[in-house]
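*Asks:* As a plain string of letters, each chain reads:
2 protein chains.
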Amino acid sequence: MENNENCKIELDDIGFVLKVLGGKWKLYILTSLYFEKKRFKQLERDVIGISPKMLIKELKELEAVGIVNRHTINTVPITVEYSLTENGLTLKPILGQMKQWAVQFKQQLKSDNQ
Amino acid sequence: MENNENCKIELDDIGFVLKVLGGKWKLYILTSLYFEKKRFKQLERDVIGISPKMLIKELKELEAVGIVNRHTINTVPITVEYSLTENGLTLKPILGQMKQWAVQFKQQLKSDNQ
DNA sequence: CTGTATCCCACTGGATACTG
DNA sequence: CAGTATCCAGTGGGATACAG
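For the protein sequence lines, the chains are A and B, in the order given. Residues 1 to 114, numbered by UniProt numbering, are exactly what the first sequence covers, in order. Residues 1 to 114, numbered by UniProt numbering, are exactly what the second sequence covers, in order.
Some hints here could point you the wrong way.
A pair counts as met if it fits within one copy or between any two copies, since identical chains are not told apart.
Stated by the list, open to error - Pairs of lysine to aspartate or glutamate, EDC-like flavour, derived with a Cα cap of 20 Å:
id: 1; residue 1: Lys-38; residue 2: Glu-81
id: 2; residue 1: Lys-106; residue 2: Asp-13
id: 3; residue 1: Lys-92; residue 2: Glu-36
id: 4; residue 1: Lys-106; residue 2: Asp-12
id: 5; residue 1: Lys-53; residue 2: Glu-81
id: 6; residue 1: Lys-92; residue 2: Glu-63
id: 7; residue 1: Lys-8; residue 2: Glu-63
id: 8; residue 1: Lys-110; residue 2: Glu-10
Since the hints were derived computationally from the structure, they do not count as laboratory data.
My request is simple: use the sequences and hints to build the entire structure.
*Replies:* Written out as structure tokens, the structure is:
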């Protein structure tokens, strides 16, 4: 298969990732959930700047695609726990690579300036 | 260090990545350039749906942060080649993981529907 | 606490045409 | 070919208040 074919396929795959994880907030939410299950309010605090409207919207989308799980507990007032599904856990390598790259690239920028 | 501290740091790192690679088009452009250096028009064709305005804007941003290199050649008409810098090449693991996850997750969706 | 509903504006970015 | 300029619609998403 020629190079350009490979390129198109990979562009397609990246498009798929962007469709699922794209947007302003999803990666933040997933990063937070990656550490442990969180309640709505906890997520709102973790993801600085997000409004409840956006938070619930993103959570619903992530739930719809099967990456996030929503679990309600009948307390008063109601408690809701969000967690990663098994499919959600497969994102670990992506988030891990991003984190690693960030650390590495920040370091690079620093030494460039010296 | 406690868990929540780690979470905040990682959220910060993800934020950095999003600042550099976020938006609608950058990952497409980088994916395309990852295969080989490309001319402006070639990128316009690869990244389906992008307008020249957006393409040049994203390229300038990527150039500013030192991920993409712009090289002009004095032909008539002028030729411009865009390529990844050494720093840009360090993105390979991220793109690779994304691609791999896309393939894997699409497969998962397929078998869920059966 | 966990969301919903509205109002509304800034900005992204699409379409198109044009220049060097 | 490689970009620039302009015009403008759509909408992402902020602020705020409210409901269950």
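*Asks:* Within a copy, between copies, both or neither: where do Lys-53 and Glu-81 come within 20 Å Cα-Cα?
*Replies:* For Lys-53 and Glu-81, only the intra-copy Cα distance (17 Å) is at most 20 Å; the inter-copy one is 43 Å.
*Asks:* As a check of your reading, is Lys-8 near Glu-63 (CA-CA no more than 20 Å) within one copy, between copies, both or neither?
*Replies:* neither (29 Å within a copy, 23 Å between copies)
*Asks:* Between the shortest in-copy and the shortest cross-copy C-alpha distance, which are at most 20 Å for Lys-38 and Glu-81: within, between, both, or neither?
*Replies:* This pair counts as within: shortest intra-copy Cα distance 6 Å, inter-copy 47 Å.
*Asks:* Given identical chains, is Lys-92 near Glu-63, meaning Cα to Cα at most 20 Å, within a copy, between copies, both, or neither?
*Replies:* within (17 Å within a copy, 29 Å between copies)
*Asks:* What label fits Lys-106 with Asp-12 when the C-alpha limit is 20 Å: within, between, both, or neither?
*Replies:* between (29 Å within a copy, 12 Å between copies)
*Asks:* Within, between, both or neither: how does the pair Lys-92, Glu-36 come out at a Cα-Cα threshold of 20 Å?
*Replies:* Within one copy, since 13 Å is at most 20 Å while 28 Å is not.
*Asks:* If the cutoff is 20 Å on CA atoms, where do Lys-106 and Asp-13 land: within, between, both or neither? Let me know, please.
*Replies:* between (27 Å within a copy, 9 Å between copies)
*Asks:* Checking an output row: Lys-110 and Glu-10, CA cutoff 20 Å. Within, between, both or neither?
*Replies:* This pair counts as between: shortest inter-copy Cα distance 19 Å, intra-copy 32 Å.
Of the numbered hints listed earlier, the single one contradicted by the structure is hint 7.
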